[in-house]
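Peer 1: Assemble chain B onto chain A, guided by the hints.
As given, the protein sequences belong to chains A and B, one line each in that order.
Residue 92 in our numbering sits at position 92 of the first sequence, with consecutive numbering throughout.
Start counting at 1 in the second sequence, then tack on 1000, and there's your number in our numbering.
Take the hints with a grain of salt, since some may be wrong.
Derived pair list, reagent style PhoX-like, types lysine-lysine, alpha-carbon separation capped at 25 angstroms [said to hold, decoys possible]:
hint : chain 1 : residue 1 : chain 2 : residue 2
1    : B       : K1010     : B       : K1029
2    : B       : K1284     : A       : K211
3    : A       : K187      : B       : K1003
4    : B       : K1017     : B       : K1070
5    : A       : K211      : B       : K1187
6    : B       : K1096     : B       : K1070
7    : A       : K141      : A       : K18
8    : B       : K1096     : A       : K284
9    : A       : K3        : B       : K1187
10   : B       : K1310     : B       : K1211
11   : B       : K1038     : B       : K1018
12   : A       : K10       : A       : K30
13   : B       : K1096     : B       : K1018
14   : B       : K1017     : B       : K1187
15   : A       : K96       : A       : K69
16   : A       : K187      : B       : K1211
The hints are simulated quantities; they were obtained by calculation from the structure and are not laboratory data.
2 protein chains.
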Amino acid sequence: MGKGMIASLKEEIPTDKKIMITFCGGSVKKNGVYEQVKEALAGHQTIEFWGIEPNPAIETLRQAIELGKKENVDFLLAVGGGSVIDGTKLIAAGLKYEGDAWDLVLQGASYDCVPLGTVLTLPATGSEMNNGAVISRKETKEKYAFYSNYPVFSILDPEVTFSLPAHQVACGLADTFVHVMEQYLTKCGQSRIMDRWAEGILQTLIEIAPKIKENQMDYDLMADFMMSATMGLNGFIAMGVEQDWATHMIGHELTALHGITHGETLAMVLPGTMDVLREQKGDKIIQFGTRVMGINSGIRDARITEIIRKTEDFFRSLGLRTRLSEAGVTMETIDEIERRFNERNVHFGEDGLVDGATARKILLRVFE
Amino acid sequence: MGKGMIASLKEEIPTDKKIMITFCGGSVKKNGVYEQVKEALAGHQTIEFWGIEPNPAIETLRQAIELGKKENVDFLLAVGGGSVIDGTKLIAAGLKYEGDAWDLVLQGASYDCVPLGTVLTLPATGSEMNNGAVISRKETKEKYAFYSNYPVFSILDPEVTFSLPAHQVACGLADTFVHVMEQYLTKCGQSRIMDRWAEGILQTLIEIAPKIKENQMDYDLMADFMMSATMGLNGFIAMGVEQDWATHMIGHELTALHGITHGETLAMVLPGTMDVLREQKGDKIIQFGTRVMGINSGIRDARITEIIRKTEDFFRSLGLRTRLSEAGVTMETIDEIERRFNERNVHFGEDGLVDGATARKILLRVFE
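Same shape as in the complex, but just chain A:
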């Protein structure tokens, strides 16, 4: 992590490797990242694969796998945000698999992979320092988690974030915030250190968000944002504590069905999850409110309501929509999500309480 670190690529990858570099669109050509990468790898054999879209689709990744197999690629370098890195994790597994890579997504994991390095351009998902990915299938509007190997290295230069669109930064801040909440907002008393560290990231996000809105070119601010996103989902705040992830599971459906940016779906769903599960999560909501939001008094129920309202306010302060109807989501979508959850017989959340019926309640709570 640091200024100019992309140049270190040349030492990170052995020169006898045939590298496929994966990208999203052309933004890396505008912000100088593409040139830095190509310059660093001038002495290496490289091919390029362009077009890994937000919510990386199996339809696209199959093409990359086909190309990589044809070219005998034995190292992957993902240059982009969480979508490019996630997609490249599936490519890494797909290159070692004979059949259709969607099989791997459905089986949920594959650890026989080509090694993968990353150059992160958008702080948000933590994919640069974890072994998870989320892969979509356009034709069926499905979106599932997939686990694979960790990147062998990741390069984080905060300067690459200076030119990001403000909406992407806002979604990245919301995504990071909710990643932390998924690992934190369960039960009290599991681990004081994990609680403090999660709260530390949340406090940081609340502190830096308005400052970033004022000046996205501030190196230290963007470094803190980048660090928050990586530390928010690399396992360092998840040691020995329960995790939730129901908000993400519901959010994924909103992305799959309506194409809403991932971070924004989380900003919509989280306040609903907190409200509907206020009884089960109440003690932790109070701890969060006290330590992170500075809400120290009031009778329990009113205090929880106030904490949820302040959480939604935070997302709105980022410039994000927090109600489904604002994003054109209809009651039919809620029906469909309930139907899907029932069909798959899911029970999400740390206590398995979020099934189709509870998901409906959560979505209705944040409908308008």
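Peer 2: For chain B alone, coordinates are given in the frame of chain A:
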């Protein structure tokens, strides 16, 4: 980490390895750890080396290296606290070195080592998840840092701490506290996340210390203590920030010259370091006071004085001595430490300000 995890040793070490298990004294035979280790490794080839003392001495470690070479040991398992683990790190390097292992200490590092696993019995040094060690030489009363490989695994069962002597627990709490301070109490504004995480460990220690005094058999409390000690010195709070370590360097001399337990030397020295460097470290002392100690008001200088007093109070609340004269340290010792620092021409601390003369000031400040 967890209850009963020592049994997992059998899967952690390949059965074709010849293991030397290293211990301190007999306490592991009283608390059941020895039996658990032997039971887990019943199917392995093992030999034992006993007697790695607090502040592990090259004189002892040479014997272990000689035995290990004779027996063709190719795996080491340290069962104990930081001293046993530190000492075994030098054994691991010494087994691969032809000459006298003290050479390795003087050169400061060696990474050609036999693999090492650990079973931690005393939370304090973080040695179970870092690559450092401190090795002493009795004949010359010297004590130096040595760097080597990370343990390939470490097993942390909080139950093994239930029977520790209260003084060892107090020293472990102080050691952990000062480890964090060495990585935190430098300058403001380097990394919001690292600051929050360091503060999170300090807050935790201050919260659990009086509770542990009441009930050292509380699993959750001791798990939080164990986690604090490991996270306090495994690099997770040191990313991209300056470090100090002057307090440790002075403390090592007090141990070398007077045999005072490491954690207690730190409790003595830290308030002196804070006071003598109150100008350079003032902003961070204020941040520490505000966020960790709850000291939010007062004019700057009085506030810093109050924060230092409260820090010393915390160490005294653990039952530790905080003044040199209480431990029989004389003015001659201070002369000798100044002489040694001058002779070695040291400049410790994040800005290199702690030389012989400054060390004298620090020690005089906490003399009585």
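Peer 1: Run every hint past the structure and note whether it holds.
Peer 2: Against the structure, the hints:
The straight-line distance between the Cα atoms of B/K1010 and B/K1029 is roughly 19 angstroms, inside the 25 angstroms bound, and the hint therefore holds. Proximity of B/K1284 to A/K211 is assessed by CA-CA distance (about 21 angstroms); at most 25 angstroms being required, the pair is judged to hold. A distance of roughly 20 angstroms separates the Cα atoms of A/K187 and B/K1003; the hinted pair therefore holds under the 25 angstroms criterion. The straight-line distance between the Cα atoms of B/K1017 and B/K1070 is roughly 15 angstroms, inside the 25 angstroms bound, and the hint therefore holds.
Proposed proximity of A/K211 and B/K1187 is supported: the alpha carbons are some 21 angstroms apart, at most 25 angstroms. Under the criterion of a C-alpha separation no larger than 25 angstroms, the hint pairing B/K1096 with B/K1070 is consistent with the structure, at around 12 angstroms. Among the hinted pairs, A/K141 with A/K18 is inconsistent with the structure: their alpha-carbon atoms are about 34 angstroms apart, more than 25 angstroms. The suggested pairing of B/K1096 with A/K284 is violated, with an alpha-carbon distance near 51 angstroms, which exceeds 25 angstroms.
Proximity of A/K3 to B/K1187 is assessed by CA-CA distance (about 20 angstroms); at most 25 angstroms being required, the pair is judged to hold. Our distance criterion of 25 angstroms between C-alpha atoms is met by B/K1310 and B/K1211, whose separation comes to about 18 angstroms. A distance of roughly 14 angstroms separates the Cα atoms of B/K1038 and B/K1018; the hinted pair therefore holds under the 25 angstroms criterion. Restraint check: the Cα-Cα separation between A/K10 and A/K30 comes to about 22 angstroms, which is no more than 25 angstroms; the hinted pair holds.
Of the supplied pair hints, the one linking B/K1096 and B/K1018 holds, its CA atoms being roughly 15 angstroms apart against a limit of 25 angstroms. For the hint linking B/K1017 to B/K1187, the alpha-carbon distance of about 47 angstroms lies beyond 25 angstroms, and the restraint is violated. For the hint linking A/K96 to A/K69, the alpha-carbon distance of about 9 angstroms falls within 25 angstroms, and the restraint holds. Distance restraint check for A/K187 and B/K1211: the Cα-Cα separation of roughly 21 angstroms lies within the 25 angstroms cut-off, and the hinted pair is therefore satisfied.
Taken one by one, the earlier hints fail for this structure at numbers 7, 8, 14, listed in ascending order.
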